[in-house]
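**Q** Given next are the chains, with one letter for each unit.
2 protein chains.
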Amino acid sequence: MARDKKKTDKVEPRVLKGFRDYLPREQIAREAMLSKVREVFELAGFLPYRTAALEHAEALLGPQYSRDSLAELFGFTGPDDVDMALRYELTLSLARYVAGNPDLPLPFRCYQYGPVWRVDKPGPGRFREFMQCDIDIVGAQNLFADAEIIAVMVNIFEHLGIRDFRVRYSNRKIHNGLVQYAGISEAVGPDVMRVIDKLERQGRDAVMLELGPGRVDKSGDEIPGLGLEDGQIVQIGSFLDTVAEEGGDPLEKAASLLAGATVAEEGIAELREIQRHLKAMEVDETKTGVDLTVVRGLAYYTGPVFETSLLKLPDFGSVFSGGRYDNLVDRFLSRPIPAVGASMGIDRLLAALIELKALKLSEATSQVLVTVMDRQRLPDYLAILRKLRRAGIRSEVYSGDTKNLTRQLKYADRVGIPFAVIAGSDEFDAGTVTVKNLAAGREKAVATADREQWLKAEEIQQTIPVAVLVDYLNKHLGKDG
Amino acid sequence: MARDKKKTDKVEPRVLKGFRDYLPREQIAREAMLSKVREVFELAGFLPYRTAALEHAEALLGPQYSRDSLAELFGFTGPDDVDMALRYELTLSLARYVAGNPDLPLPFRCYQYGPVWRVDKPGPGRFREFMQCDIDIVGAQNLFADAEIIAVMVNIFEHLGIRDFRVRYSNRKIHNGLVQYAGISEAVGPDVMRVIDKLERQGRDAVMLELGPGRVDKSGDEIPGLGLEDGQIVQIGSFLDTVAEEGGDPLEKAASLLAGATVAEEGIAELREIQRHLKAMEVDETKTGVDLTVVRGLAYYTGPVFETSLLKLPDFGSVFSGGRYDNLVDRFLSRPIPAVGASMGIDRLLAALIELKALKLSEATSQVLVTVMDRQRLPDYLAILRKLRRAGIRSEVYSGDTKNLTRQLKYADRVGIPFAVIAGSDEFDAGTVTVKNLAAGREKAVATADREQWLKAEEIQQTIPVAVLVDYLNKHLGKDG
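As you go down the protein sequences, you meet chains Y and D in turn.
Under the numbering used here, the first residue of the first sequence carries the number 12, and numbering increases by one thereafter.
Under the numbering used here, the first residue of the second sequence carries the number 12, and numbering increases by one thereafter.
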């Protein structure tokens with residue numbers, strides 16, 4: 012029963028359902044993207060901070076949570092019989108952090124990036140662990156803060172080289188006005204927002220059914236409805252239709268549809284002020300716009316809300332969204348602290364950048380592999396390596412066990428290292444090395460569709476003195492590296 | 012009973028026991044340190060990768076774990092009734108990752124950084140969540156790989172500006188030889204290593220007692236002993252004393268003490284080879300050295316082991332350590348894959364850098380605060396902001412709610428922003444702005460011990476035309492920023 016024995020002895024090397032690893036080329040791209048995002052944040056003076064991944068259960072679930080609800084998160088009863096859970100977003104941790112650090116100078120202009128964990132049904136592009144990056148201004152009531160968040164969102168996309176995007180913004184106060192206007196109880200308001208938020212993903216009919224009797228989704232699951240009256244549903248539907256129609260100012264349309272609803276009027280005035288600020292900041296007008304079908308699903312938003320869509324990738328949904336949440340710190344503190352922010356899905360945006368070819372995927376960090384022809388000459392290979400690294404050229408001496416040159420070159424090929432330096436006794440006697448441009452070889456191989464071919468391509472080899480090797484590489488890495 | 016009501020309504024804004032947040036000045040320093048570390052890794056061609064924070068319980072605890080042992084980690088039974096736990100180190104995840112990706116080109120020269128979680132007793136500087144950064148070469152049997160890991164360790168410290176450190180290395184094979192030589196059963200070997208590993212922290216007497224009958228520690232806890240015979244303990248003690256004595260080559264001493272123990276001789280020869288490689292790599296000889304009292308506590312090391320001590324901070328213990336682990340991937344795979352690596356405690360090293368003043372703590376990311384004297388002139392302030400940012404000067408317009416200039420300047424002071432730009436109607440009429448060097452003011456305030464003084468210090472103000480503002484700041488930020 013060797014098979015059974017193996018089964019009990021070995022652990023299957025698998026990730027948890029809904030989890031994933033990042034291969035080097037993915038992680039290189041991710042780091043490159045994060046570093047661009049941070050550049051934009053820091054140019055605008057936002058401060059990095061970091062909170063713990065695990066939180067007290069009540070910080071995430073509220074003071075009256077039940078132990079059963081721990082299973083809605085990656086939650087459990089940990090050391091010292093304390094209930095805890097992995098955070099499912101970063102904003103609650105920020106609220107807890109601000110409340111717990113009363114000496115923090117306000118406004119706190121800040122950002123945090125890190126993984127969050129959700130017990131969602133995994134699917135293509137949907138993971139249970141993924142990275143978010145949040146930017147927030149805490150302790151500012153004025154709408155310039157909201158406009159600044161939108162402006163930073165626009166800057167991020169521009170800095171990442173994405174051209175076809177649009178930050179659409181709206182105001183919960185307008186939708187609260189709509190709920191009021193339709194005679195719907197205020198308590199149902201957050202549920203109405205949660206349902207309207209599905210407009211883009213599920214379509215108008217699904218939303219209308221969920222506002223009313225409920226519906227059955229594609230997989231056969233029953234989705235209960237809010238049971239609103241037909242007249243109320245029609246009012247919501249017609250509002251959404253009218254503000255979504257091309258032509259005309261959506262704010263004027265809303266003002267006329269919701270005339271007299273004070274809270275809606277306040278929301279409209281706020282969006283007009285944000286428009287003025289964006290204009291003063293010279294934010295590209297084609298990149299932002301009021302869209303009153305945007306509501307966001309989370310219950311804690313109290314004012315302006317934002318979403319970003321990638322025009323060429325509508326299926327990706329919103330990759331950067333947020334809004335004003337003036338009451339969230341209340342969970343922890345009696346003193347109200349207003350706040351506004353937005354959250355970026357790093358992994359979804361990374362997938363988008365790759366899809367849009369806005370990010371060059373690189374396999375290797377090394378630009379040069381110094382091959383080892385003769386183990387006795389290792390000190391000589393290391394001398395070459397030192398020269399390369401001192402010139403800032405990322406490089407490695409082959410560190411594997413094989414002495415076979417072809418296999419060493421195959422390693423460089425597979426890792427994606429563009430250049431190989433080869434030196435045997437002939438070269439050492441002549442004080443030269445052979446440089447092989449593997450990247451050019453790869454291009455050739457792609458053309459001839461013969462992977463072995465490039466390993467033999469003599470014309471991409473060049474024998475040069477060690478002294479000019481660095482110049483040669485610097486020149487060529489400028490083009491190929 | 013307002014007080015009781017408050018108690019049930021509000022959540023106390025606290026972190027879990029043994030967990031912590033990072034304030035901006037800590038996080039800025041942490042990011043700066045990590046980015047230097049990554050520069051060294053990438054110059055040497057190591058590839059970043061990333062694994063999930065949660066793993067299947069059996070990946071961390073082995074195939075025969077019991078559900079009770081989940082509590083030794085932050086482990087729990089999660090969705091779909093699957094046992095899982097937060098990783099307590101990164102090497103097991105790497106082994107799982109390599110086993111699960113058979114197409115990975117070997118040698119896999121790689122690094123990963125990320126948090127790990129341990130159910131340890133929290134204490135000063137000891138946290139239950141902390142960040143590690145691992146560097147590994149997987150799939151290389153040759154000792155050049157071991158030497159390269161040591162060389163990278165040295166480079167890291169040099170690049171971080173730490174001068175007084177020493178990477179000390181040893182070989183488990185020598186200690187296995189010692190165990191054999193003393194007639195101790197091979198099965199007890201890993202336990203002997205675990206005990207000897209306490210030499211530096213607990214002292215010689217504690218180690219001797221733990222090898223024998225056991226001991227009672229400071230807090231009164233009983234620590235069981237291995238129950239070795241007196242003669243065996245004396246042999247171990249005398250070996251450790253002899254190799255630790257100043258003067259003479261520890262490898263020669265070991266060769267004579269353990270003459271005939273084949274495995275020890277093999278270990279000695281391996282260290283001599285590593286010495287030769289380090290010499291050929293021109294690694295500063297004063298920064299590394301053989302130290303046969305180093306064993307490392309983990310059971311999975313099979314050959315050379317490394318540790319780093321900061322000579323000026325002996326209490327910090329080893330901040331970067333590792334070794335060769337040729338059998339670890341065996342947990343997941345029948346095919347053996349040799350590997351060597353080292354793990355750095357990012358947070359402990361950061362604390363050390365701060366202690367050694369090798370890292371400048373910065374409070375702010377913004378270099379300039381543009382104050383808002385008159386909300387109506389916001390477009391003008393934004394025009395100034397644009398000029399600053401276009402020049403790459405990190406800056407913000409005051410985004411809080413107060414109109415009071417003194418309070419705006421206090422915000423800049425508390426956040427640590429070095430310059431403030433002030434413009435009211437007078438300045439706008441004259442086409443000038445007032446620049447206030449807050450950093451200079453802060454120095455003055457320290458001297459006069461009057462925190463309010465600097466806010467008024469007229470001599471650190473300068474009125475200049477808007478057009479020369481950027482030049483002025485660039486010049487001064489070179490010195491002060």
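Simulated from the structure, these hints should not be mistaken for laboratory data.
Just so we're clear, the structure is a prediction, and the values are computed from it rather than from any experiment.
One or more of the hints may lead you astray.
Partner residues are not named here, just some residues of chain Y that face chain D (Cβ under 8 Å, in silico) [what the hints assert, rightly or not]:
1) ALA63
2) TYR99
3) TYR124
4) PRO126
5) ARG129
6) ASP175
7) ARG177
8) GLU233
9) PRO235
10) LEU393
11) GLY411
12) ASN415
13) TYR422
Residues from chain Y that face chain D, not an exhaustive set, calculated with beta carbons under 8 Å [what the hints assert, rightly or not]:
14) ARG78
15) SER80
16) GLY136
17) GLU140
18) ALA291
19) MET292
20) ASP295
21) GLU296
22) LEU416
Cβ atoms here follow ideal geometry from the backbone N, Cα and C, with glycine treated the same way.
**Q** Next step is simple, just say for each hint if it's right about the structure.
**A** Right, here's what the structure says about each hint:
1. The closest approach between the C-beta of ALA63 of chain Y and any C-beta of chain D is roughly 4 Å, which is under the 8 Å cut-off, so the hint is satisfied.
2. A distance limit of 8 Å between C-beta atoms decides the matter here; for TYR99 of chain Y the minimum to chain D is near 13 Å, and the interface restraint is violated.
3. Taking 8 Å as the C-beta cut-off, the interface hint given for TYR124 of chain Y is violated, the closest approach to chain D being about 10 Å.
4. A cut of 8 Å between beta carbons decides the hint on PRO126 of chain Y: the least distance to chain D is about 6 Å, and the hint holds.
5. A distance limit of 8 Å between C-beta atoms decides the matter here; for ARG129 of chain Y the minimum to chain D is near 10 Å, and the interface restraint is violated.
6. At its closest, the beta carbon of ASP175 of chain Y sits 24 Å from a beta carbon of chain D; the interface hint therefore is violated under the 8 Å criterion.
7. Below 8 Å, beta-carbon pairs count as interface contacts, and ARG177 of chain Y has none with chain D, the closest being about 22 Å; its hint is therefore violated.
8. Taking 8 Å as the C-beta contact cut-off toward chain D, the hint placing GLU233 of chain Y at the interface is violated, the least distance being around 21 Å.
9. With 8 Å as the threshold, the beta carbon of PRO235 of chain Y stays out of range of chain D, its nearest partner Cβ sitting at about 23 Å, so the hint is violated.
10. Taking 8 Å as the C-beta contact cut-off toward chain D, the hint placing LEU393 of chain Y at the interface holds, the least distance being around 5 Å.
11. The criterion of a C-beta within 8 Å of any C-beta in chain D is met by GLY411 of chain Y, whose closest approach is roughly 4 Å, and the hint holds.
12. Interface restraint check: ASN415 of chain Y against chain D, minimum CB-CB distance 14 Å, threshold 8 Å, status violated.
13. Taking 8 Å as the C-beta contact cut-off toward chain D, the hint placing TYR422 of chain Y at the interface holds, the least distance being around 6 Å.
14. With a least beta-carbon distance of about 12 Å to chain D, the hint placing ARG78 of chain Y at the interface is violated under the 8 Å criterion.
15. Checking SER80 of chain Y against chain D: minimum C-beta separation of about 14 Å lies over 8 Å; hint violated.
16. Residue-level restraint check for GLY136 of chain Y is violated (minimum Cβ-Cβ distance to chain D is 16 Å; threshold 8 Å).
17. Hint status for GLU140 of chain Y relative to chain D: holds, with the closest Cβ pair at about 5 Å, below 8 Å.
18. For the restraint placing ALA291 of chain Y at the interface with chain D, the shortest Cβ-Cβ distance is roughly 4 Å, inside the 8 Å limit, so the hint holds.
19. With a least beta-carbon distance of about 5 Å to chain D, the hint placing MET292 of chain Y at the interface is held under the 8 Å criterion.
20. The beta carbon of ASP295 of chain Y is not positioned within 8 Å of any beta carbon in chain D (closest approach about 13 Å), and the interface hint is therefore violated.
21. Residue-level restraint check for GLU296 of chain Y is violated (minimum Cβ-Cβ distance to chain D is 15 Å; threshold 8 Å).
22. Restraint check, LEU416 of chain Y versus chain D: the minimum CB separation of about 16 Å is more than 8 Å; hint violated.
Going down the numbered hints, you'll see the structure goes against 2, 3, 5, 6, 7, 8, 9, 12, 14, 15, 16, 20, 21 and 22, while the others check out.
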